[in-house]
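When you get a sec, could you build the whole thing from the sequences and use the hints?
Number of protein chains: 2
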Amino acid sequence: MDRQRLVVAIMAGGGGTRLWPRSRRIEPKQFVAPHAGGDSLLRLTVRRLEGLVPPERILVICGQGHVDLAREHSGLPAEAVIAEPEGRDTAACIGFGARHALRLGDDAVLVVLPADHLIEPREEFQATLLRAAALAAERGVVATIGLPPTHPATGYGYIDRGEPLDDRTPAAFAVRSFKEKPDPDTAREYLARGHYLWNSGIFAFEARTILAAIARHLPDLSEGLMSMADVTDPAEVARVYPTLPRISIDYGLMEKVDDAVVVAAGFSWDDVGSFESLGRYAERRGDRNLSRGEAEFIEASGCLVDNDAPGLVVVSGLEDVLVVRTRDAVLVLPRSQSEMVKKIVEELGQRGRDDHL
Amino acid sequence: MDRQRLVVAIMAGGGGTRLWPRSRRIEPKQFVAPHAGGDSLLRLTVRRLEGLVPPERILVICGQGHVDLAREHSGLPAEAVIAEPEGRDTAACIGFGARHALRLGDDAVLVVLPADHLIEPREEFQATLLRAAALAAERGVVATIGLPPTHPATGYGYIDRGEPLDDRTPAAFAVRSFKEKPDPDTAREYLARGHYLWNSGIFAFEARTILAAIARHLPDLSEGLMSMADVTDPAEVARVYPTLPRISIDYGLMEKVDDAVVVAAGFSWDDVGSFESLGRYAERRGDRNLSRGEAEFIEASGCLVDNDAPGLVVVSGLEDVLVVRTRDAVLVLPRSQSEMVKKIVEELGQRGRDDHL
Numbered sequence: 000m001d002r003q004r005l006v007v008a009i010m011a012g013g014g015g016t017r018l019w020p021r022s023r024r025i026e027p028k029q030f031v032a033p034h035a036g037g038d039s040l041l042r043l044t045v046r047r048l049e050g051l052v053p054p055e056r057i058l059v060i061c062g063q064g065h066v067d068l069a070r071e072h073s074g075l076p077a078e079a080v081i082a083e084p085e086g087r088d089t090a091a092c093i094g095f096g097a098r099h100a101l102r103l104g105d106d107a108v109l110v111v112l113p114a115d116h117l118i119e120p121r122e123e124f125q126a127t128l129l130r131a132a133a134l135a136a137e138r139g140v141v142a143t144i145g146l147p148p149t150h151p152a153t154g155y156g157y158i159d160r161g162e163p164l165d166d167r168t169p170a171a172f173a174v175r176s177f178k179e180k181p182d183p184d185t186a187r188e189y190l191a192r193g194h195y196l197w198n199s200g201i202f203a204f205e206a207r208t209i210l211a212a213i214a215r216h217l218p219d220l221s222e223g224l225m226s227m228a229d230v231t232d233p234a235e236v237a238r239v240y241p242t243l244p245r246i247s248i249d250y251g252l253m254e255k256v257d258d259a260v261v262v263a264a265g266f267s268w269d270d271v272g273s274f275e276s277l278g279r280y281a282e283r284r285g286d287r288n289l290s291r292g293e294a295e296f297i298e299a300s301g302c303l304v305d306n307d308a309p310g311l312v313v314v315s316g317l318e319d320v321l322v323v324r325t326r327d328a329v330l331v332l333p334r335s336q337s338e339m340v341k342k343i344v345e346e347l348g349q350r351g352r353d354d355h356l
Numbered sequence: 000m001d002r003q004r005l006v007v008a009i010m011a012g013g014g015g016t017r018l019w020p021r022s023r024r025i026e027p028k029q030f031v032a033p034h035a036g037g038d039s040l041l042r043l044t045v046r047r048l049e050g051l052v053p054p055e056r057i058l059v060i061c062g063q064g065h066v067d068l069a070r071e072h073s074g075l076p077a078e079a080v081i082a083e084p085e086g087r088d089t090a091a092c093i094g095f096g097a098r099h100a101l102r103l104g105d106d107a108v109l110v111v112l113p114a115d116h117l118i119e120p121r122e123e124f125q126a127t128l129l130r131a132a133a134l135a136a137e138r139g140v141v142a143t144i145g146l147p148p149t150h151p152a153t154g155y156g157y158i159d160r161g162e163p164l165d166d167r168t169p170a171a172f173a174v175r176s177f178k179e180k181p182d183p184d185t186a187r188e189y190l191a192r193g194h195y196l197w198n199s200g201i202f203a204f205e206a207r208t209i210l211a212a213i214a215r216h217l218p219d220l221s222e223g224l225m226s227m228a229d230v231t232d233p234a235e236v237a238r239v240y241p242t243l244p245r246i247s248i249d250y251g252l253m254e255k256v257d258d259a260v261v262v263a264a265g266f267s268w269d270d271v272g273s274f275e276s277l278g279r280y281a282e283r284r285g286d287r288n289l290s291r292g293e294a295e296f297i298e299a300s301g302c303l304v305d306n307d308a309p310g311l312v313v314v315s316g317l318e319d320v321l322v323v324r325t326r327d328a329v330l331v332l333p334r335s336q337s338e339m340v341k342k343i344v345e346e347l348g349q350r351g352r353d354d355h356l
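Chains as they are written, first to last, in numbering that gives the first Met the number 0: chain E, 0 to 356; chain L, 0 to 356.
Hints were generated in silico from the structure; no laboratory data involved. Bear in mind the structure is a predicted one, so any value in this text is a computation, not a measurement.
Label-pair restraints from in silico Cβ distances: (1) L/Gly285 to E/Ala173: 54 to 64 angstroms; (2) L/Arg352 to E/Pro76: 44 to 54 angstroms; (3) L/Arg326 to E/Glu179: 43 to 53 angstroms; (4) L/Lys342 to E/Lys341: 35 to 45 angstroms.
Glycine included, every Cβ here is placed at the ideal spot set by N, Cα and C.
Okay, here's the thing in structure tokens:
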């Protein structure tokens, strides 16, 4: 495959409720820096593409309200940042990205990836993307990146991988089926069987191939997407976008195509989906305590403080507690519940606390 | 006793470590409002004296660094606020107050009271003060206010009361002895015996009587106090004050005088000595949760949030936890340890966190 065909679309539309109050509606997770004082996840994602594609072939797709933040964090030319007038789930976003990719070339091979993952090392990441993109281009199929599971996670979709494709492309397999997020027993079964991979949410395909697949499997979405004569015309996008059907790419498309392929990743991957993930980048403070930002632990153990504002957090006499502090909010909960922040945010919304979300 | 003789000295020199981070070195407890958004304890103390003495016969004695705050909170004329160049404990402070009271009249009867107590109702409080002041003036003795104990507190000194003085002054007794803060067993014994009162730290005496008592029992302190020709001369005060011996009025004087009297208080009293005390003025939120300021409790019970800054505190999935938030600090600890905040502050000091204290 000619590398000149590559276009990368970074999906930066996440709402970021899982890291509240560190991430907010007005500043979701992709704009949060995993290392205190360091680059945001979006910035790291853009930098991870250096050398793979030139800046003018990177798109960042984000919510209307985040355009300025996305421009600032990505450091890309203004026209690289594409606004969704409202979130319509991943199938619409990817179709919209494919329409934009076609502007950059009829034969564009599009790589779609989330803005808020941490991945290392860059070389292995780029090599894996190239392998997936080449497979997608040569075979005219959807190629996904799968992650060898390290534990029976229930928060990710899985890919049941079939036979190796050929000897020429290492770690590439046919996809037998895509599986939705499993219950714990099923997750353990997947892990034990050894031929399941986590679905990374990173895909590669020719822009025209994915639009054809959308036309076949999601005709309503296709009709909406193709009804826009010019996808760079804000008025036209604003008119059409809110009418697009809301469906995920996994459920709406991936589960229906029968010739997808998967490349097993050799890079380390973290979706930074909870404060426990962020905690991996925190400072070790003795007695199993961890801190990001200013904190003191007094007869406390196993506690995690994420302090994003000037000033001090003191935890005394407690065990396994998570304290998140931003300039204008504090969240205190048991660390065992750190995966449940999304539910807390939903509850706050129901209580009319939207102004804090 | 002629009420024109009364002078009230409010002791506002406390460092306020027991309510950190709500109270700070730069803004101790007397400047904290027990009711969110309401008057500070100092302001409430001044207002509690309305009708008893005119403003020009009220003194507020505070640390040098708190003069502006004390003027603002007390609402008194600028000259009412008297600065101690540094804290030298209560005996020096009371002697200094007595010297100032003498400026207002040779026969001044001085009532000394802490700036950071909550007392109700005002009428009963004033009647009790008048009763103590009259006894002090008529008998030329130290009169104290004692509080009928409600539980075996270990945080207060006790007064062993002797015989009733006479039929004319109800609830007035001879003092058999002053007792320092007891251990728990002793406190329970005091409570059971029925003739012990808590030492409120409120005293009445003629200014010349207390200075004579200081001369007799604390000659070094007396020498220092009397060496100042003019106690309103800042330079003279700054020269002498730091040399005064550091000793408490209880230990240095009260335990040594043998003719003190005590008036048992009929008012309700709270020294606001911990966040549990402050919690009495908080909003009840269900599941035994309490809040001052913006807070939400999600599957939490028995928690207390003291939120003094704009923004939200969310406590989820925890029991009996205390969260204190100010603009620039957060403290999280078990409610059972809310009396130990002073120790936490000491520990923070030892860790070099003075800039946060």
